[in-house]
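Sequences are here, hints too, so could you generate the full structure?
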Amino acid sequence: MGKPITKRVSKSNSREVTLTGVERETSGEYKCEVSADAPLFHTDIRAANLLVASIPEEGPVLRTEVQKVAPGAEIRANCTTAGSFPSMNVTWTINDKEISSKYKYDIQNSIIRYDALPGLETVRSAISIREAPDLFKSGKMRLKCTATMFSLYRAAKEAEIQEDAPRLALIMEPTNHPNQGSGSVVRKLTSTPLLLSIFYVHLYTWLRKICF
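Each residue of the sequence shown is one higher than the one before, starting from 1 at the first, in UniProt numbering.
Certain hints may be false.
With a cut-off of at most 30 Å between alpha-carbon atoms, the simulated DSSO-like pairs for lysine-lysine come out as follows [unchecked claim]:
no., residue 1, residue 2
1, Lys140, Lys68
2, Lys140, Lys104
3, Lys137, Lys68
4, Lys104, Lys137
5, Lys68, Lys144
6, Lys140, Lys97
7, Lys137, Lys97
8, Lys144, Lys157
9, Lys97, Lys157
10, Lys104, Lys144
11, Lys102, Lys157
Calculated from the structure, these hints are not laboratory results.
In structure tokens, the structure reads:
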């Protein structure tokens, strides 16, 4: 037997009733009945369902496989909610925006029940998405999972992932300047490293195209 349900008179009136001491077992269909005065005594009955929810104090836990991702690689992460009833709804965003259908991604949700948390449900949401250049702002991507339950609960967790893109560097080689002595050395940009830099740029662009 659960705790007895009582009515809080100070917050109840002819139109509303406030119950205290409710538990999850209190969930169910509730009815109210309105009767007219004599001599007709017309009666109207209305019913509605009441759900008593168990809300956690903790927020979701977000884990990513890597903090840096190479061009064209797959990004994987999972979001786990705290135990609740009913189960949470989990959504994903990138840079505070819904994930567009133009990206190659997959989301798998599962509900887990633990013996240590009787009657409570944990949601584990796993996402995998293929890296794309426009997912990153200034070389960084903000991946966020948000757990909600109706209007009763809302909590989010965010992770930052960096783009591990190749960086082009100027290659310098020493050479003697004609106006300096034999012991003085200055540096100049040679044509071969410049051509290599241009080649790497084209190779990087080509690899992105064939991956998507």
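**Study point:** Hints violated by the structure (numbers, ascending)
**Key:** Hint check: nothing fails, all pass.
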